[in-house]
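Visitor: Use the sequences and the hints to build the structure in full.
Residue numbers (the working numbering), protein chains in the order written: chain G, 1 to 101; chain D, 1001 to 1459; chain W, 2001 to 2364.
By construction, these hints were calculated from the structure, which means they are not laboratory data. Since the model is a prediction, treat every value here as computed from it, not as a measurement. Please note: incorrect hints may appear among the correct ones.
Cross-link-like lysine to aspartate or glutamate pairs, in silico, EDC-like; alpha carbons within 20 Å at most [unchecked claim]: (1) W/K2240 with G/D100; (2) D/K1166 with D/D1058; (3) G/K2 with D/E1247.
Here are the chains, one letter per residue:
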Amino acid sequence: MKPAFRNLTAPASSPGQMVAVTFDGQELTLVEGENLAAALLAAGVDTFRETPVSGAPRAPFCMMGACFDCLVEIDGTVRQACLATVTDGMNIRKPNGTSDV
Amino acid sequence: MYDLIVIGAGPAGMAAARRAADLGLTVLILDEQSRSGGQIYRDVERAALLRGEILGKDYTDGIDLARGLDHPGITHAASASVWQIEDGYRVYYTQNGAGKTAAAKRLLIATGALERPMPIPGWTLPGVMTAGAAQILLKQSGMVAERAVLAGAGPLLYLVAAQMVKAGAPPLALVETQTGGDFRRALKYLPGALRGWPYLMKGKDMLAALRRAGVPRHTGATGLRVEGGDRAEALVFNAGGRQHKIEARTVLLHHGVVPHIQAARSIGIPHRWNAQQQCFAPEHDETGRTAIDTVFIAGDGAGIGGAKAAAIAGRISALSIAQDLERITAADCRRESRPLQASLNRELAVRPFLDTAYPPYKEALSPDDATIVCRCEEVTAGDIRRYAGMGCLGPNQAKAFGRSGMGPCQGRYCGLTVTALLAAANGKTPDETGYYRIRPPIKPVTLGELAATAQRKGK
Amino acid sequence: MESDYAIIGGGVVGLSIAWGLLKRGRSVTVLDGDDGSFRASRGNFGLVWVQSKGMNQPRYARWSQESAAAWADHAAELGDATGHDMGLRQDGGLTLFFSEDEMEKTVSDYETLKAKLDGNYPYEILGGNALRREEPHIGPSVIGAILHHQDGHTNPLRLLQSLAQDVRRLGGTVLTGKQITGVEKTDLFRLTCADGTEIRAAKTVLSAGLGAIDLGPKMGFKAPIRPQRGQVLITEKMPKIINRPSLIARQVDEGGIQIGATNEEVDFNDDVTQDGIAHLAADAVNAYPILGKVNLIRSWGALRILSPDGLPIYQESAAMPGAFLVTCHSGVTLSAAHARFLPDWLEGNANAPDLEVFSEARFS
Ligand SMILES: Cc1cc2nc3c(=O)[nH]c(=O)nc-3n(C[C@H](O)[C@H](O)[C@H](O)COP(=O)(O)OP(=O)(O)OC[C@H]3O[C@@H](n4cnc5c(N)ncnc54)[C@H](O)[C@@H]3O)c2cc1C
Ligand SMILES: Cc1cc2nc3c(=O)[nH]c(=O)nc-3n(C[C@H](O)[C@H](O)[C@H](O)COP(=O)(O)OP(=O)(O)OC[C@H]3O[C@@H](n4cnc5c(N)ncnc54)[C@H](O)[C@@H]3O)c2cc1C
Ligand code: FES
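Guide: Here you go:
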């Protein structure tokens, strides 16, 4: 789907390089050094994770490291996307924790 | 060992660090953000050049504070999340995936504010964000939400709307929950507020800009709810005697900010309910010193006052700390603090007016039974009321019963609501009801990072 | 207000007893403290555990076994009544070993105990490879484990909540925020609360956890108990990575990994210390290396309620007949026994369990 956000500066004119990352197996091209949550939103990612409790979809809510709705698994560890920056080759997945073990 | 560790590189922390360094103290300033600025001046050194025009002078003004960290006495640890404070002088944090520790003679907590939780039906859907979040995207990433509606109350709502207008993506509407009655009640504070008149003038200018851009405004809105399947699709509300439905891709909520008390609570600093601001705030003296002699607190984390007040309070704390460490005399400290205290009072003069004119949205303080209050564990307002019926007098027992506050956010976005619901159900005050006991880690840390800080004994 | 029993303390011990008495048709009032009081029932590790209990007192081992054996019915009955799943799993529990010596010593102790229990001590020794077949994420520093088939774990918070809910459903009165400050006996017991409330009852049970240190002597008990701090960690929710609980870590039914616990003599201090949680983390990662990448969400400290020999105390007051002291180290494990067997002892029924060895007579 079309992203809900518009970039004021075209990615081409941004200082960072475009790099390839994967999000849940899908390849995305993002600006290196950009805030990861912002970059995923700009790329049209709607759902960052499903909650372990009910499976409800979630996406960034606060963008300041407080709500934890932006949690994604980056190279094996769950991190807050809004506190992470895009690096080349990042392997990002939805966290797969459950509340029904 | 540093002289001073500052947690938080917003206006309070940056101003304190610089004043302290100028007085000869060695300072470590830690912030989990990758660049200095805090919430208001987020990423200001970079973004001011790129889009200072859109963000306005109040934003670009922060550049001096951010540049102030460039001082030989100051070490700025960026992307450093503090997860534990111990004994009033030692902090533990994670930076680039490694657990680290540092100690200082004095500690300043300058962790700022959070937007007040606004639990309404549908607030957990993707596409629902805080207004501050939209502003952060604008500041730090140059992204503006298209087809967005803003809902709630308070000056920040106007500011974000005005910034969106300037960015060429005016919001679809401004749905405000405050009423004319709130404004009339606030009028009695107007004389005091006029001491901070530039704020009021700015408010008027912002509203005029929104009018010119043709952004519809609804006030006295009630019954707010977000509709949508896998993401927000519309905001529904009542205003002017009828129901409205605004189709939107993004719904931005805001009804004020409250102190972010995680760090202070984790070390047992006493907090008290502030009825005017409807939140808990840590107890401290006029220099920011807390019940723990070595720990100071400044900025919005000490009580909401805004960015200018935060910077001033940071400087006042720095002076007191410098006096503690015998870098300045008591007399010098007093001489320099007095005018700062006066300007702090001027800054704070507008608060009673703002707090009364833009009170929190009532239905979000006492949501319907079906509304989720704890986003992490998906606990509803009805659950909390049920726990009150089972004898839960405070949030800690309610948490044991229903897991509210046990998720990764550790109660940041449900604590105030749970206290309010229990207080109402039990006929008690928020102070009697209390708050979650906050424990380390105040930010998640991996077990590997934590294990690396273990001191191996005797082996 | 007057009832057959006044139960002082609404933790897992008091509520289990209250539940059992209500089931026997008694009227019960439970008095409990406020939101901030010390509550082991809110901070424990959730094990329903038999192994290593009662190494020097086989009656305690047997009492734990009796409770563990009654737990399935206990959980089912509470679950049916409240709609909550107690999360009970009794597929055995592990003690992990990091050296052969340690393991041999424990095995020989278990053999001694097993003989005293007429052979009812079903455990097996797992070597490193057998262990890793059962628990693939256990790391190389673990050389083996003892798997005891009578061990298991539960969700202790859901147990607490279910008891609190079902005691009310059964007609019990539970009053929270009622700190009992005085107990007197004339024809009835008269309990006074800090807020002035007065409660009358024919019998009373002191099951106030650490609160018994103050109240016990006033009621004619020695109550020689002390607090011992345990710090505990819980991680983010994970997919299933740990099958059986060990004393180092278990995966709770809600997904998090619970790691515990320290044993610290620090009086009435339930704080968390960096040293404490860092060592817990290091030990857990050592045993289960996969945990190194897992986020810690929360830690806490809670106070155990310990008698000098670690055994429970079941004692009727000589000075105030009809007043009973009940306190124990493992109130979760013993919840089934307290709910199902102990009431017969309180009632003086013929089928009462023999609890003589747990009386205060053993403390001279
Ligand atoms: C999202 C948001 C947007 C806002 N926008 C405006 C605005 O545009 N205009 C305005 O006047 N006011 C705004 N405010 C109000 C704002 O609180 C104050 O204006 C001002 O930022 C307060 O300054 P401060 O120094 O107290 O805290 P902040 O500026 O909030 O700085 C606190 C810093 O502490 C850091 N921190 C917190 N916890 C930790 C931790 N555990 N480890 C490491 N670092 C940590 C944070 O990353 C943050 O950078 C906003 C508030 C919020 C929450
Ligand atoms: C870290 C840790 C791990 C543990 N792990 C396990 C485990 O894995 N398995 C297991 O079986 N056990 C375990 N335990 C032990 C178990 O938690 C306790 O045995 C049990 O919770 C004790 O329950 P209680 O009701 O006696 O005490 P508490 O839960 O402490 O309750 C006492 C209650 O009495 C009330 N009270 C106190 N004084 C008064 C007064 N004067 N008037 C009115 N009310 C009063 C308090 O408010 C409180 O609610 C663990 C304990 C700890 C600390
Ligand atoms: S969006 Fe809230 S923590 Fe990242």
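Visitor: Each hint needs a verdict: does it hold in this structure or not?
Guide: Status of the hints after comparison with the structure:
1. W/K2240 with G/D100: holds, 9 Å
2. D/K1166 with D/D1058: Judged against 20 Å, a Cα distance of about 15 Å means the pair holds.
3. G/K2 with D/E1247: Holds: G/K2 and D/E1247 sit about 16 Å apart, inside 20 Å.
Hint compliance for this structure: no hint is broken.
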